[in-house]
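Undergrad: Residues per chain, in single letters:
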Amino acid sequence: MIHARGLARTFKTRRGTVEAVTGVDIDVSAGELVGFLGPNGAGKSTTLRMLTTLIVPTAGTATVAGHDLLTDAAGIRRQIGYVGQNGGAGPDCIVADELILQGRFYGLTSARARTRATELIEQLDLVGTENRVVNTLSGGQRRRLDIAMGLMHLPTLMFLDEPSTGLDPQSRANLWDHIRSLHAEHGTTLFLTTHYLDEADALCDRILVIDTGRIVAEGTPDELKRRVSGDLVLVGAGEPARVAELAAHLPGSSDVVVDGAGVRFRVPDGARVLPALMRELDAADIAMTSVEVRRPSLDDVFLAVTGRTLRDAETPTTPEPATAGASR
Amino acid sequence: MSVLTDTWLIFQRSMRQSLRNPFWVIIGIVQPFLYLALFGPLLIPIVQSTPGFPPGDAWQVLVPALLVQLGLFGGLFVGFAILAEFRAGVIERMRVTPVSRIALLLGRALKDTVVLLIQAVLLTVLAVPFGLRAPIGGVLVGLVLVAVLGFAMACASYALAMQVKSEEAFLPIVQAVFLPVLLLSGILLPLSLAPLWLFNLSRVNPFVYVVDATRAVFLGDLASTTALVGIAVALVLAVVTVFWGVRTFQRESA
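Those sequence lines, one after another, are chains Z and X. Numbering-wise, the first sequence is residues 119 to 446 according to the numbering used here. Numbering-wise, the second sequence is residues 40 to 293 according to the numbering used here.
Calculated directly from the structure, the hints in this document are not laboratory data. Computed from a prediction, not measured in an experiment: that's the story for all the values here. Be aware that one or more of the hints could be misleading.
For the chain X half of the interface with chain Z, some residues (derived, Cβ under 8 Å), not all of them [said to hold, decoys possible]: (1) R52; (2) M54; (3) A127; (4) V129; (5) R132; (6) R134; (7) T136.
If the Cβ cut is set under 10 Å, some of the chain X residues that face chain Z in the computed set are [unchecked claim]: (8) L48; (9) Q56; (10) E124; (11) G128; (12) L165; (13) R242; (14) N244.
Where chain X lies over chain Z, by a calculated footprint (3+ residues, C-beta under 8 Å) [stated by the list, open to error]: (15) 161-173; (16) 298-307; (17) 312-325; (18) 401-414.
Every residue gets a Cβ at the ideal spot worked out from N, C-alpha and C, and that includes glycine.
Use the sequences and the hints to build the structure in full.
TA: Here it is as C-alpha cells:
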C-alpha cells in the first residue's frame, strides 16, 4: 500500500537549511495498522505530508495506493483519506454541508454524497450534530467529524496525523475504538502518527520509530520491546551478591545491579529464564523473597534506540518562538 | 469541466459562509451609503465653485469613485477570512482531495465578486434619489469594470494571505497599501485638481486609471481613451492577480 525509498525533505529557512526528514524507507501492506512514533519535530508530519502529496520530497521515491508519488499525485489523492493535525472542517460551516461537499470533491453525486454523509454520521456517533456549526462541537465530536470527512469516498488507505492530540482521556479511548473498528470492519489500511507511546502500543500492529528525521526502529510493539531492551527482572533474596553472580551467568542477561536486598537485571525474555534461575537459587540454597518480571514499555524502547526518553526529546534544547502557521 | 464544477462547489460553500455571517456584507453597503449621505452634499457646492473639476455634476464624480472604492477595498480585505480557515486545516484538507487548486481560489474570489456587484448595484440605485443621472449603458459598463477590479483585488488578497499566513502580518501590509492607493487614486477628490507633481505621482497608481475610466463611462464616453485605458488596466490587474493567486494555491506549503 505504501512503498517509500529514501524519502527526504529539507526546508529552507532564514537560518539555513533544515533537514526535516533525512531519508526514510517505509513499507506498509494492505490492511495493516501502522503507527509512526516519535517526538514532536522528529519528521513524522513532514513524512506524512509527503506521502499525502501535500509537499514534494526533495529526494527519494514512493508508491502510495498503487500510484507514483512523483508522477501521479492526482491518482493518490483519489485513493487516500487524510485527517490532518488541525482537523479540516470549516469552523463556521454546517457539519452536514462540509461532509457532503467533501464527497462532491471526490466526484460523488449530490445524492450519493448525502447518503454517505448520513452513514458516516451514524457510524461515528455524530447523530444530532448534522445541522450544527462546526465550532460548537466538542473536541471529540470534531475529531470524529474530521475522520468522517476523510472517509467520505471510502479510501483504501487512511492517514491520521496525531489523531488524539488535545482530547480528554475519555474521548481518546472512544476515538481509539472508532479507529479499531474502522480497521477491523472495513479493512482500511491505516497509517497514523503519534507522539504518545500508549497510543502506538494500544492501536498499532506495527510501529516505526522516527527520531531526528530518520527511522531508528521498526516492529510490532512486542518485537520492539523484546528486541531493544529486554525484560527487567527484579529478584528479592537473602544473599544479593550471590544472586547477582548467578544472574550474570544466565543466557543473554545484562545490566546486573545489586540494589539493597534485591537484584535487578535484564534478559531478552524474562518469563523463560525465570524457572532456570529459581532452580539454581534452590540448588544454591538461597532463600528468595520476591520475583517480578517487568515488560519494557515503548518508553524503554525509545530510550534504548535514541539514548533519550520521549519526554526529553520533546523539550527543545533551544527555545524557539512559535510561528503561526509554520509547517513542519 | 471539473474546474468549473469545483469552482461552483467552492463558490457555494463560500457564499453560504457569507450568508451565515452577513455583518461584513452589511458594513460594505452601509459605508458607501454614508459617503452618499454625508459626503455627497459637501461635494456639490465644491464642484460648482471650483475651476478644474472634471465634467459632470457632483454625483457623476462621486458615485463612480465610490464604486471603485467599494471594488478596491471590498476586495482587499477578503484574505483575512481565509486565514482562520487555513489555521483550522481547511485548505490543507481540501488540497489532499482531487479538487482543482484553481477552484479553491476562483470559487472564493467569484463569491466576493458577486457580493461586491450586489453592493455596487445597491449603491448605484440608492444614488438616484440623491440626484445621480447617468446613461444606463455607461453605468452597466462601470459596474462590470468595478466587478473586474474587485475580482482582481480579491485574488490578490487571498494570494497575500496565503503567503504571509497570519493576521498579524496580513493586516499591516494591507493597511500600508490602503492609504497611498486611496490618496493617489482620485477617489475622494479628482486629481485634476492636484498640483502637477502630485498628478504625475498619481499616474504610477494603476487604480487611478480605473477611477478615471469609471467616471468617463458614467458620462457616456464609452469609447474614449480614458475609458479604454481603464478597462485595459482592470483586465491586466485581473490576469496578473489570478496568476499570482493560482500559483499560491498550487504551491505546496499553501
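Undergrad: For the region 298-307 of chain Z, do at least 3 residues have a Cβ located nearer than 8 Å to some Cβ of chain X?
TA: violated (count 0)
Undergrad: Next item in the hint list is X:L48. Is there a CB on chain Z closer than 10 Å to its CB?
TA: holds (5 Å)
Undergrad: Please count how many residues of the region 161-173 of chain Z have a CB within 8 Å of a CB from chain X and say whether that reaches 3.
TA: holds (count 4)
Undergrad: Establish whether the coverage given for the region 401-414 of chain Z by chain X is satisfied; the threshold is a Cβ-Cβ distance below 8 Å, and no fewer than three residues must meet it.
TA: violated (count 0)
Undergrad: Restraint: X:V129 near chain Z, CB-CB cut 8 Å. Satisfied or not?
TA: At about 5 Å, which falls below the 8 Å cut-off, the nearest Cβ of chain Z leaves the hint on X:V129 intact, so it holds.
Undergrad: With 8 Å as the cut and Cβ atoms as the points, is X:R132 at the interface with chain Z?
TA: holds (3 Å)
Undergrad: Can we keep the X:N244 interface hint, with Cβ of chain Z closer than 10 Å?
TA: Result: violated, 31 Å to nearest chain Z Cβ.
Undergrad: Does the closest beta carbon of chain Z sit nearer than 8 Å to the beta carbon of X:A127?
TA: Status holds, d = 5 Å.
Undergrad: Quick check on the hint: X:R134 CB to chain Z CB, less than 8 Å?
TA: holds (6 Å)
Undergrad: Verify the interface restraint on X:T136: the C-beta must sit less than 8 Å from at least one C-beta of chain Z.
TA: holds (4 Å)
Undergrad: Going by Cβ atoms only, is X:Q56 closer than 10 Å to chain Z?
TA: X:Q56 check passes; min Cβ-Cβ to chain Z is 6 Å, inside 10 Å.
Undergrad: Closer than 8 Å Cβ to Cβ for three or more residues is the test here. Does the region 312-325 of chain Z pass it with chain X?
TA: violated (count 0)
The structure fails hints 2, 12, 13, 14, 16, 17 and 18 (numbered hints given earlier, in ascending order).
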